[in-house]
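Enquirer: The primary structure of each chain is shown beneath.
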Amino acid sequence: MTAETSSNAVINANGLCLTFDSSDGPVHALKDVDLQIDKGDFVSFIGPSGCGKTTLLRVIADLEHPTRGSISVNGMTPEQARLERAYGYVFQAPALLAWRSIERNVGLPLEIMGISAAEKAERVARTLELVGLDGFGRKFPWQLSGGMQQRASIARALAFDADLLLMDEPFGALDEIVRDHLNEQLLELWRKTGKTICFVTHSIPEAVYLSNKIVVMSPRPGRVADIIESNLPDERPLDIRESKGFLEIAQRVRAGLRQGQV
Amino acid sequence: MNAAVARLFPIATVVAAIMIVWYGFTVYLNAPWQIEKYEKAGIEWQMEDLVRDTMALDRPILPAPHQIAIEIWQTTVEKKITSKRSLIYHGGITLSSTLLGFLMGTVLGIGLAVSIVENRAMDKSLMPWIITSQTIPILAIAPMIIVVLNSVGLTGLLPKALISTYLSFFPVVVGMVKGLRSPDPMHIDLMRTYKASRMQLFWKLRLPASVPFLFASMKVAIAISLVGAIVGELPTGAIAGLGARLLAGSYYGQTIQIWSALISAACMAAILISIVGIISHITLKRMGLQQ
Chain A
4 MTAETSSNAV
14 INANGLCLTF
24 DSSDGPVHAL
34 KDVDLQIDKG
44 DFVSFIGPSG
54 CGKTTLLRVI
64 ADLEHPTRGS
74 ISVNGMTPEQ
84 ARLERAYGYV
94 FQAPALLAWR
104 SIERNVGLPL
114 EIMGISAAEK
124 AERVARTLEL
134 VGLDGFGRKF
144 PWQLSGGMQQ
154 RASIARALAF
164 DADLLLMDEP
174 FGALDEIVRD
184 HLNEQLLELW
194 RKTGKTICFV
204 THSIPEAVYL
214 SNKIVVMSPR
224 PGRVADIIES
234 NLPDERPLDI
244 RESKGFLEIA
254 QRVRAGLRQG
264 QV
Chain B
3 MNAAVARLFP
13 IATVVAAIMI
23 VWYGFTVYLN
33 APWQIEKYEK
43 AGIEWQMEDL
53 VRDTMALDRP
63 ILPAPHQIAI
73 EIWQTTVEKK
83 ITSKRSLIYH
93 GGITLSSTLL
103 GFLMGTVLGI
113 GLAVSIVENR
123 AMDKSLMPWI
133 ITSQTIPILA
143 IAPMIIVVLN
153 SVGLTGLLPK
163 ALISTYLSFF
173 PVVVGMVKGL
183 RSPDPMHIDL
193 MRTYKASRMQ
203 LFWKLRLPAS
213 VPFLFASMKV
223 AIAISLVGAI
233 VGELPTGAIA
243 GLGARLLAGS
253 YYGQTIQIWS
263 ALISAACMAA
273 ILISIVGIIS
283 HITLKRMGLQ
293 Q
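Here the protein sequences come in this chain order: A and B.
Each residue of the first sequence is one higher than the one before, starting from 4 at the first, in the working numbering.
Each residue of the second sequence is one higher than the one before, starting from 3 at the first, in the working numbering.
Chain B on its own, in the form it takes in the complex (with noise of 0.2 Å):
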């Protein structure tokens, strides 16, 4: 019990810091429309009036958190789950396209660092390939991707998994490759000693030594692969996933819908890691890595 006190506190005192100055910034950056307002309507104004009264505005250009806690409230639990408005219902779209760009991207990454560790050309030839891909703004080609795989058909899911495969497959293959890698000059010296083959310097030794670096790379890629579907849904015209609400919300002023789709994906962000992290323990501490 103790210990979980212990634990806890710092973390509950972190977050009460932030909800004070959240709040302190509410009044702050609200407060010159809603003077203005009472000065339009010819209202007498004290200060609690103003605190009360900046926190409930529709259109706040900062909402106070409770009204953040209020709007995602309405939209999980209160609404049904097919219902368009539904948090869960767009929530549950961005989920399965980021779910399924992580798979990809995992996929795609350690299969091309396994074949720049096992293969000198493309090695010297994908390596500089790979960077380039990532110093291209995503929001740039984010698009064209939709554009030109909708022309040829390919609408829905896939396109927007695509560009999370795109984001996330790269760390994926740097940390691989770096795993694979790890392996120090003594431990392929010992291989060496015994006549193990290539397949088997690779399946007894390079894979296993990689298998932390696989994890920590995921970590990362879980985490951009929501990023690249909440952009893959900027330029679908909006319809459904929580980057169409964060484009409704920015479209009609909704700083609340747009804030509370943040916050939900942010809070999805730190499930999946935290998954990713779960299972990682687990295998490592089954394989004996970790302590």
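Isolated chain A (complex conformation) (with noise of 0.2 Å):
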């Protein structure tokens, strides 16, 4: 099984521990997460807060180091992955810089990596088109809208065309219509790039409708408590969310972190 799942897998966790201490002792953010994610899933991680799923993603990005444990993001360590730059990284806040346009935000990455500047340009305007945004390129971010400068910071997450995406609650301090409107934006996206998505979020609704594969965590300590895969087509409209199918596997996920509770 070994031989197979390497070629295929894009992030592959073993007996992953990470503890952090604390004033009142250690706290175990993550115990032994096994976890394999295949090229082109949409792995959603939905869990109660403190269940690790962020610390779980940010290990992948090289960004908290594992205690115990081993983890590979596309055949490498994490940090190789990083300094490949093998990923693009979306946080719970847009985090645009105030001082750039939208276009400048959205082409940091590209003039870090040193690309020229020709390339820069049609680079992002691609991505900003993408994401809905093109028009929009030299506003600054206090000029947009919540939505739109999370929109942005998907924008300059996808402009250096990593195969991987990491998104961490992207879309939880928008409101619901908003949310509605980017979950379908994303999926759509997530179609037509085949990109290998990772995103945490704790609504049961956002994780079924998204993804092809979903982690249910558990918290105190930060386990896997469940992985339900999806058998949902792959053209999923919105009302899809009030099918049998789909409540079905809501069920499970309640399920599940009913069961984590304990």
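All clues stand as given, with none of them false.
With a straight-line Cα cutoff of 25 Å, these simulated DSS-like cross-link-like pairs (lysine-lysine) come out: (1) Lys142(A) / Lys287(B); (2) Lys206(B) / Lys142(A); (3) Lys206(B) / Lys287(B); (4) Lys197(B) / Lys42(A).
The following label-pair restraints were derived from C-beta to C-beta distances: (5) Trp145(A) / Met21(B): 39 to 47 Å; (6) Ala142(B) / Gly28(A): 47 to 55 Å; (7) Gln292(B) / Ile180(A): 27 to 35 Å; (8) Gly28(A) / Leu141(B): 48 to 56 Å; (9) Trp131(B) / Lys195(A): 53 to 61 Å; (10) Trp131(B) / Asp41(A): 52 to 60 Å.
These aren't lab readings, by the way, just hints derived from the structure by calculation.
In this text, all values refer to a predicted model and were calculated from it rather than measured experimentally.
Glycine residues also receive a C-beta, built at the ideal position from the N, C-alpha and C atoms.
Take the two lone chains, each set in its own frame, and fit them into one complex as the hints suggest.
Expert: Here it is in structure tokens:
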């Protein structure tokens, strides 16, 4: 089995543990996490706060270091993968630089990578179009709504064409209507680009709607409670959320979350 | 038009209130001496005489505002700039050392802040000294700086400017250290995911983020640069500058001269701060940091 998995696996974690030292003793943010994510997967991590879902994403991104266990990203260590710029990261907040226009924000990673001005302009235009922000390139972040700002930050993560997209509750702060809209767009983007996406959320409908694989996590210590493969079709209109198949998966996620509570 | 009136009205009200109180105190504080004068000369006096005469003394305890205004007018517009009695001449001398000191203080402040933020050892070793430097009263150290520099052959503008520098670098260091550390951890993580080098982190994140802090510090720095320049002029033997006018005025009891130098210094500070404010506004607007 290992031979077969390694060929297709983008992320492979075995017995991953991460312990933070705090004033009232060690906190087990992650405990014995085994996980495999294949190329082209859309994986959601769901769980209550403190279950380590963000920490896991940060471990993949080499922003935290595991205390025990092994993890590989694209067959490399997370650090090598980061240095190879293997992933784009979208934070909970847009984290746009206030003094840069939208196009200069989206171009920031390209600027750091030393990509030529002409190619940069072309890529920025392309990614802004992809997230539906064409025509807003010269605006400053404060001139855009929260939803548009978050789309700009997604464009920034897409700008350098990494095959892996790590998203940490990117739509958590947005209202339901904007969120639905962005979910639809994200799904379309995934289908168009075939990227591997890791998506942290605490919304059950969002997780079920978006993913083909749902990792249910439980807190104290943070661990994987259940991994649910979704059999929903790739083509997903918003009203699929009322369908029987959708509700069944949502039910399983809910059950997994409840089980983890004990 | 209405908007301008609406803005000016509160200011005008405060100015009017200050004037009324000031005139009141002019009469009140100068009255005993004036009454003594009347009695010596054996003059019968009325209240209106007292009010008129207390506002027209040569060396009043508190001069009336119009006396100061007339003095300022006579020593600016009606005197040649090259005259030793011209307030513009003295103001110009103070202004030049203020600006030179401010410039050096800002450069020094930015330099120190960068080294503190980028180097842990500097952070630990420099900051206590920088704070200590400001606990020494400037009035105590200014004459020593002037005397020491004089003895090594440095005279004129530079020693005075160095006192301004000594005062003005401090707010710039404190503000810039805060500004360079102002990017939130998310932005720093973001730069890390891009494999940004230390230089890139500095030029593309820390430095632009610190600009609003720099301007806030510079507003404080330019005002205390002026204070430094005036203090620096006191121990030079009152040769030139607004500080010299203050000192000379106090030697000879020329209160009107003291007050006119004070008012000029205050106006100069207000103008300098406004200029920094305007530059700040334009820069931040162009950077998209101000709406």
